[in-house]
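Chain S is fixed; fit chain W onto it per the hints.
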Amino acid sequence: DGGITQSPKYLFRKEGQNVTLSCEQNLNHDAMYWYRQDPGQGLRLIYYSQIVNDFQKGDIAEGYSVSREKKESFPLTVTSAQKNPTAFYLCASRHAGTPYEQYFGPGTRLTVT
Amino acid sequence: KNEVEQSPQNLTAQEGEFITINCSYSVGISALHWLQQHPGGGIVSLFMLSSGKKKHGRLIATINIQEKHSSLHITASHPRDSAVYICAVTGGATNKLIFGTGTLLAVQP
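Protein chains in written order, with our numbering: chain S, 1 to 113; chain W, 1 to 109.
Keep in mind the hints are simulated off the structure, nothing from the lab.
There could be a bad hint or two in this list.
BS3-like cross-link-like pairs, simulated, lysine-lysine; straight-line CA separation at most 27 Å [to be verified]:
id : chain 1 : residue 1 : chain 2 : residue 2
1  : S       : Lys83     : W       : Lys96
2  : W       : Lys96     : S       : Lys71
3  : S       : Lys57     : S       : Lys71
Derived CB-CB ranges, DEER-like [claimed, not checked]:
id : chain 1 : residue 1 : chain 2 : residue 2 : range
4  : W       : Gly57     : S       : Ser80     : 44 to 52 Å
5  : W       : His56     : S       : Asn18     : 37 to 45 Å
6  : W       : His78     : S       : Glu15     : 26 to 34 Å
7  : S       : Ser22     : W       : Gly16     : 40 to 48 Å
Heads up, the beta-carbon is just placed ideally off N, CA and C, and yes, glycines get one too.
Just chain W, with the same shape it has in the complex:
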């Protein structure tokens, strides 16, 4: 079993829909990250959080430390949101990142 699990693996939405991507982890963490990878491959950090909730524009990330679970929400989704969204956790003595396998999101106009 992977230490970081994401669901769903693939998600297709219509423009304007509210989207939720989930991440569960099984290790002790210092921080949890949500990353965005566009088709070209480059990765951009969206959020880094260790408790509570963060919001940036139409994106909201939440984390529940007790339940070892995080969600990424996208409000009023747009085709330009189409990308792979990756959950990763920083854990262990070396602060290494442990990555989920990603969620491929396609937002159709």
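With the rest of the complex left out, here is chain S:
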């Protein structure tokens, strides 16, 4: 089955630790996205990548880093510089031929204490 996999579903970390969230897709999609969701707010774009080895900052990139070494994978690292890391993180992807349609993963809920 084609789709987007995010792991783990729930992640707990101590303050001050970096943590990497996984996102893998087998849809052969070119572009991949990371969003953050907080209660009462719409999803906000953290980083996106339109091709391998290239990525751009979104609206709230501070305290996050990404890499895109393979087409299938777009991991997000939440660094200790991110002041409020506790949130729900969603990965999405889209095919170059369908510029307006994004497919979403199941999400990872990160709790930092």
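Chain W in isolation, oriented as in the chain S frame:
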């Protein structure tokens, strides 16, 4: 003011009722999306439309480009329709999605 506004924020309905969720936007768009998010958090795309009306089962989505407004209707609502419904628009040069804050729908048996 958010670029994408949804109303209502919360909606409780009885099973069988006709439901309408509204979305207004203030930017130029290429497409408008209706998404469904279940309690587990995963998001499913329901509709993508740029004009007119689309129907899928008991769900109907309409858009009025001139008025910058879209509605999502659910006919014969069922408790399994309980979810957060999110309106999003694709706009700007990068085709980024701009999201509304969502409407939490609870359908009671």
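Starting from the range 44 to 52 Å, see whether the pair glycine 57 of chain W and serine 80 of chain S falls in it by beta-carbon distance. holds (47 Å)
CA of lysine 83 of chain S to CA of lysine 96 of chain W, is that 27 Å or under? holds (25 Å)
Is the gap between the beta carbons of histidine 78 of chain W and glutamate 15 of chain S within 26 to 34 Å? violated (43 Å)
Just to be sure I understand the hint, the distance between the Cβ atoms of histidine 56 of chain W and asparagine 18 of chain S should be within 37 to 45 Å; is that true here? holds (42 Å)
Check whether the Cα positions of lysine 96 of chain W and lysine 71 of chain S lie no farther apart than 27 Å. With Cα atoms ~20 Å apart, lysine 96 of chain W and lysine 71 of chain S stay inside 27 Å; holds.
Distance restraint hint 40 to 48 Å, applied to the beta-carbon atoms of serine 22 of chain S and glycine 16 of chain W: Distance hint for serine 22 of chain S, glycine 16 of chain W holds at roughly 42 Å.
Pair hint lysine 57 of chain S and lysine 71 of chain S, alpha-carbon separation not exceeding 27 Å: Holds, at about 18 Å.
When the structure is compared with the earlier hints, a violation turns up for hint 6 alone.
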